[in-house]
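Engineer: Top line first, the protein sequences correspond to chains A and B. Quick note, the first sequence lines up with residues 1 to 95 if you use our numbering. Quick note, the second sequence lines up with residues 1 to 492 if you use our numbering.
Keep in mind the hints are simulated off the structure, nothing from the lab. All values derive from a computational prediction rather than experimental measurement. We treat Cβ as the ideally placed atom computed from N, Cα and C, and that holds for glycine. Certain hints may be false.
[As the list claims (entries may be wrong)] Where chain B lies over chain A, by a calculated footprint (3+ residues, C-beta under 8 Å):
no., segment
1, 3-9
2, 22-31
3, 74-80
[To be verified] In silico SDA-like links for lysine to any residue, alpha-carbon gap of 25 Å or less:
no., chain 1, residue 1, chain 2, residue 2
4, A, Lys10, B, Arg240
5, A, Lys10, B, Gly339
6, B, Lys50, B, Pro101
[Stated by the list, open to error] Now the stretches of chain B that chain A is said to cover, found in silico as 3 or more residues with beta-carbon under 8 Å:
no., segment
7, 19-31
8, 235-245
9, 305-311
10, 314-325
11, 333-343
12, 353-364
13, 384-395
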Amino acid sequence: MAIDAATVRKVAKLARIREDEARLEPLAKELSAILDWIEQLNEVDVEGVEPMTSAVAAALPLREDKVTEGGDAGRVLANAPRAKDGFFVVPKVVE
Amino acid sequence: MTSLTALTLKSALTGLAKGDFTSLELTQAHVEAIEGARSLNAYVLETPDKALAMAKAADERRRGGSAGPLEGVPLGIKDLFCTEGVRTTACSNILAEFAPPYESAVTANLWRDGAVMLGKLNMDEFAMGSSNETSRFGPVNNPWRIEGSNQFLTPGGSSGGSAVAVAADLCLGATATDTGGSIRQPAAFTGTVGIKPTYGRCSRWGVVAFASSLDQAGPIAKTVEDAAILLTSMAGHDPRDSTSLDVAVPDFASFVAKGVRGLRIGVPKEYNVPGMPAEIEALWAQGVEWLKAEGCEIIEVSLPHTRYALPAYYIIAPAEASSNLARYDGMRFGLRADGASLTEVYEGTRATGFGEEVKRRILMGTYVLSAGYYDAYYLKAQKVRRRIAEDFTAAFERVDALLTPTAPSAAFGLGERRDDPVTMYLNDVFTVTANLAGLPALSLPAGLDPQGLPLGLQLIGKPLDEGTLFSLAGTLERAADFKARPKVWWRS
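Chain A with its partners taken away, still in its complex shape (with noise of 0.2 Å):
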């Protein structure tokens, strides 16, 4: 099995998911299956060649460095869960 328990732990951590420890071995279980049908890849010769990173072969087009929307502060916070004198509340961060 390519993924154990331990990893997907370890991974949900990375991600910022709470799994409960039930459903670890279970999701590795998910993990692994997909990985090994992912395997095949290896038998695809890739010597010598550039990883594609985007399907258009096109410089990233640059733009002048100036504000162009901005002072908006109640549409931005309209969605906040919780929100307080033009500031997002956050958890405290600092102690």
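Here the structure of chain A is known, so what remains is to put chain B in place on it, guided by the hints.
Structural biologist: Same frame as chain A, now just chain B:
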């Protein structure tokens, strides 16, 4: 008079121009049809008041002599497109009641051209799925049923709501998106037409991101011509999407009636996969005959890396998704779970907000991007992706377009393939290659299987050559003369 909802988009535009009916009447008819079809679960948000107001405004513009190309035509919008002030959720709990403060570029283009919004359409959560079963709002029911059966069938996914809304006459056309086949497979399962244009044709600005190097918007419609009309409005350069192509948008509808004599059509032998039903093979052969009869030259081609496309996709798409979906942290919008610390809030928000398939893909993406595995999986997949793209480049030196089936089966039962992710992923075996290579690809209905379910044929074209696809699709549409309609069982 034919029911207004049975019209094609083109015939509705003609009727509106002649004054046979108003947009208000046309829109009202669709609003009523939607209310009577809630058992299909195609719409996750109905916006009748907005629709009727937009219809009235469209009628006024038409009276004033300034009708746009889509003036007064009611459309459905996949819930992946941000619509200003109208709830947009990507059918995920994590977006809660998110009401975007901006409009996506594609929908803004449609409203600029006079279209009317009927509501938001169901889909797989974050477009991750091939059966529309991962939606927070529950699955969509395919209006098509096996003859003599009451079993609920999937409409395909992820754009299941878009495909069903079109197939069941709940709109005159719909927006959709396609990352691995999410426009074409549902179109094939519902007897509708869908096109994923060349990567970069439609702006991704304001479309909730799944896998940014693969995501592309396109229409699902009743006819090839309707799809061409819609794509002409949806496409166009947008500086807010750095991958948006700065190229002219032709009038795609002008290609639909064009002859195809002399075009070279490639038939990729690798698409003849083991276990493919005989009727799909037969339909493919029939498609070849139809094009031959219209003067096309048929050439067998080889795309040797085809079988590696899905495994490569299931590294690249989850990797990009795990990165894109990192933004759902519960701080600025959407759901926030309670917790004693910041980490607990993050982990709780994402555990409760994301569904099982989305979590599975985020975990997979995080794994393949993690230290020690990056080269073995992600980099490897990107190299295989180039091999797949090179296959197409080589084939297109000999042919003008490719003809293949759209999906390896007809619509299947809801719940039938939920337990094994890999079996579900195989649905996209014929469609995912065009996403990896960034090529335009179109699906159109071409026949029924022995159980009475629609089957689709797919055309894949050269970059930016949607015009040729529309000419070929128009030819196939006339030859196939697909007139079958699902029997109405859903009306309340």
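Engineer: Determine for every hint whether it applies to the structure shown.
Structural biologist: Verification of the supplied hints:
no.: 1; hint: 3-9; in the structure: holds (count 3)
no.: 2; hint: 22-31; in the structure: holds (count 3)
no.: 3; hint: 74-80; in the structure: holds (count 5)
no.: 4; hint: A:Lys10 <-> B:Arg240; in the structure: violated (36 Å)
no.: 5; hint: A:Lys10 <-> B:Gly339; in the structure: holds (20 Å)
no.: 6; hint: B:Lys50 <-> B:Pro101; in the structure: holds (16 Å)
no.: 7; hint: 19-31; in the structure: violated (count 0)
no.: 8; hint: 235-245; in the structure: holds (count 4)
no.: 9; hint: 305-311; in the structure: holds (count 4)
no.: 10; hint: 314-325; in the structure: holds (count 3)
no.: 11; hint: 333-343; in the structure: holds (count 8)
no.: 12; hint: 353-364; in the structure: holds (count 6)
no.: 13; hint: 384-395; in the structure: holds (count 5)
In this structure, the hints that do not hold are numbers 4 and 7, in rising order.
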